[in-house]
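**Student:** In case you want the letters, here they are:
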Amino acid sequence: MVTFLIIVAIALASLAVWQLLRVFEGTAKLKGGDSFVPTDAENKYQGRMMLLFMFGYFAFFAWLYVRYAPHLLPESASEHGLVLDQLLNFNFLIITVVFVITHVFLFYFAFKYTYSSDRKATFFTHSNKLEMLWTTVPAVFLAVIIVYGLSAWMDITAEAPEGSLKIELYPKQFDWTARYSGTDSVLGASNYNMISGTNPLGVITNASLMAMQQELSDEIGALKEELETVPKGGLKEEEITETIGKRERQLARVSSFEGLEKASLVAGDDDILVKTEFYIPVGQSIDFIFRSRDVIHSAYMPHFRAQMNCVPGMTTSLNFVTRKTTEEMREMTGNPEFDYLLLCNKICGAAHYNMKMIIKVVEPEVYDQWIAEQETFAESIQPADEEGMAEATKVTGNEISMIEQ
Amino acid sequence: MATATAHNTDHHHEETFISKYIFSMDHKMISKQFLITGMIMAVIGMIMSSLFRLQLGWQGESFWILNFFLGDKWAPDGILDPNMYLALVTIHGTIMVFFLLTGGLSGTFANLLIPLQIGARDMASGFINMLSYWFFLASSIVMIVSLFVETGPASGGWTVYPPLSALPQAMPGSGMGMTLWLVSMSLFVVSSLLGGLNYVVTVINLRTKGMSMTRLPLSIWALFVTAVIGVLSFPVLFSAALLLIFDRMFGTSFYLSDIHIAGELLEQTGGSPILYEHLFWFLGHPEVYIVLLPALGITSEVIATNARKPIFGYRAMIGSILAIAFLSFIVWGHHMFITGMNPFLGSVFTFTTLLIAIPSAVKAFNYITTLWKGNVRFTPAMLFSIGMVSTFISGGVTGIILADSALDINLHDTYFVVAHFHIVMGLSAVLAMFAGVYHWFPKMYGKMMNRKMGYAHFWVTFICAYGVFFPQHFMGLAGVPRRYYTNSEFPLFDEFIGMNEMVSIFAIVGALAQFIFMFNFFYSMFRGPKASQNPWGSNTLEWTTPVEHIHGNWPGALPTVHRWAYDYSKPGKEHDFVPQIVPLEEGELDGGAGH
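Protein sequences appear in the order of chains A and B. Going from the first sequence to my numbering is simple: count from 1 and add 27. No gaps in the numbering here: position 390 of the second sequence is 371 in my numbering, and each next residue is one more.
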């Protein structure tokens, strides 16, 4: 009913305007004015509006700046971020000057040269000098911006230095898991065929491999039993047969991991998986690598001026050096609840907007203590009474590359 | 020229309602068909943006109007469903970029202006032109139908990156809605190619006597180059869509690899979602210029006519159109700086992208210089054109920041990007489209639009447009990601609650202001005062045709062109304009000849 009334109201209002216009037009015709081009009064009025708008626009900009500049991202928490912020400010300086100058000319000329019937515009078709000027001046500024920008880009995207702390960030719809390499500083091999309830990242170790093979064989066994009970030639039979085929192929792929180097099959045992929040030490280079379980996600850490897409089927990476602990940042911002965040910044589904993880930057001692308290991957997949077994696995680490397929 | 001369204008064929208004092969009617269809799509896209702005402005609050439009399934108790939020964002983007600013803008003005401004009786092929419209309409209908499927329309963002868009398990919108999206876009590409080929051929072959390429109005240059870009880049989108259809339907793995989703292991391996991104943006970036160049062309015409002054640097304007068109093909990677691409490749794309700033700057400075010492007449079209120059600059300068791969790291996919492309591409093109409609309405319908309503429409639209998008730069700089249903999970962004509210109010007021335009448009179509032949005192050929539309455009012979299109306020002339059909006097130099 409300909807209906609103539609009626809109219709009536439109009718009223329509009628009003007819009256206006009638009177315009009576006065005999040429109604096609704007009258002098209209031109004058619009010319002033142009100038007024310009001031309004600049005032709006200034107000937004004063009001919101204090609430932009605080000083960078990573070393390279300081360079980026400088670069950003340099760029902003240039574009703000360009923005203001061009707008002043645009609106001022519109105002200054408002139509008058007793004046003729200047017939000025082109000027090679002027055009050369505004081709070369932007070109020079751009050259500076390009050189400055690219030198920063090359530094940021350089390989992580030796001895960086290696962390894998692994997203899925809709949460993150962080994986640390443990005492051996080597991330164990992983593969999406190995993903199960207890092994969310598909880490390949001797134990997880056996468990996965067992789980798949059990499932295949159960499916085969079920196949006996369903009627022959039905849809159900087809479905089960298909599933059996899938699981058998998966089992074959999983079993092929037995052929991996011995060292890589134990590197994952001491890996540490954490959710919700993860710790990193201050003043250290952190080397992040990213995979994805399902769709494209993007690891966005705005306070560190860092972002990288996480793409299923490939590995991406980025690294930075931390420079301020969470505590220091809390003091600096005056916000006792401040926390560094990892956000997902690539549309990934319905709950995209709450896919986050808290990053705690702490003193190295605090970090060492924290990491020592975490459960290793081997412990997490062992039943409680076999925990001792995981202790036995110790690895000397050569770099073991991730297994893609 | 064969088609043009074969056309006998004295011969009147009987026209039925159907052959005149529906299956028309007349470029002027097809132009109007594109415009009206584009307007209907724009209203849908605009309502969608108002709906999701309600959610973003007052997050998680209940609005009966959401429930009214979306029903109990997608807005139970008036609270927007997160999946529907993403769907609205996706379809809003798709409609505005493709249906309004590609089909609507190029379709309307290329069809109207190309034959009229080059002095041709019609397009090279009227039949292909008609097909182009019908594919466009079919594509629009499929897109609208996709809004009503049970799992909702496509909702993976307007770029529909796989695997999200490839797997129905990933989100409800990747089901039937996504299939229809792909079908619609495929039809759209066909429409665009048929139209584009026709525009290119017409401009090359059917120019009237004396209309050399260096006498063409800039609007035609822009539309011509736009068509060339479209013909070269749209097929790539077609292939991207086709491969995505294969991945979705036939189990291929062009874009899929190593995926474990919704508890299920997929067997597709070896593909890469990044391949899709490359294919998509190979169209996607030229697409920006497919949207922008016609806008710049329209603006050039309107500004020169209403400043009563030649467009400054005509040849430089042509040169920058060509430079922009060329560069637009080698910059697509700047959408992918953080996909893990080789950093060296990233720096190449940074370099090429920043180069675009040079021809763009030339254009902006030339517009401003055209106003200098002009005699500026503020028709509504002129206001919109000046507004367009302002948005082109405001949005253009932030492009310099986003083009810098290093700076893009932290701004990628934040509201800074939203602000940038809405201002530089969306607003510029929309404002120019309005300018075009106000300017050529007398040519389209033989009636004048109401000027007072035009002024009101401009100021409310222009102020609201900046009110919506300018503040979003600050949100982006604070790290607020785009496409978030709500920021309530992040106390970090609480400071922007007020800003979101303000933006939403501007958005909704701005949307309502468009009804002033709609009203003016339809009212003037029926009740507007009858237009004169050349109401704006313009030089170009379309104003030498009779007000009443006739087949073949000119009664009798085609006009002959003797001069460029910008002899405004030429010294020694009686009027402040000299139409292109006026022969040069003895010893008079043609302004376009470059001296």
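You may find that some hints are simply not true.
Unchecked claim - 30 Å max Cα-Cα, derived DSS-like pairs, lysine-lysine:
#	chain 1	residue 1	chain 2	residue 2
1	A	Lys263	A	Lys273
2	A	Lys139	B	Lys554
3	B	Lys354	A	Lys156
4	B	Lys54	A	Lys71
5	A	Lys193	A	Lys263
6	A	Lys71	B	Lys428
7	A	Lys147	B	Lys551
8	A	Lys139	B	Lys54
9	A	Lys71	B	Lys554
10	B	Lys54	A	Lys383
11	A	Lys147	B	Lys433
12	A	Lys156	B	Lys554
Unchecked claim - The following residues of chain B were derived to be distant from chain A, with all beta-carbon distances above 10 Å:
#	residue
13	Ile(-1)
14	Ser0
15	Phe44
16	Ile60
17	Glu131
18	Glu482
19	Val490
20	Met506
21	Thr525
22	Pro560
Claimed, not checked - Pairwise CB distance ranges (calculated):
#	chain 1	residue 1	chain 2	residue 2	range
23	A	Lys259	B	Glu131	44 to 50 Å
24	B	Arg296	A	Ser144	53 to 59 Å
25	B	Met194	A	Ser144	33 to 39 Å
26	B	Ile(-1)	A	Arg75	30 to 36 Å
27	B	Lys433	A	Thr149	47 to 53 Å
28	A	Gln113	B	Pro324	46 to 52 Å
29	A	Ile128	B	Gly52	35 to 41 Å
Don't read these hints as lab results, they were simulated from the structure. Note that the coordinates shown come from a computational prediction; the quantities given were computed from them, not determined experimentally. Glycine residues also receive a C-beta, built at the ideal position from the N, C-alpha and C atoms.
**Student:** What are the numbers of the hints the structure violates, in ascending order?
**Tutor:** Of the numbered hints given earlier, those the structure breaks are 4, 5, 8, 23, 24, 26, 27, 28 and 29, listed in rising order.
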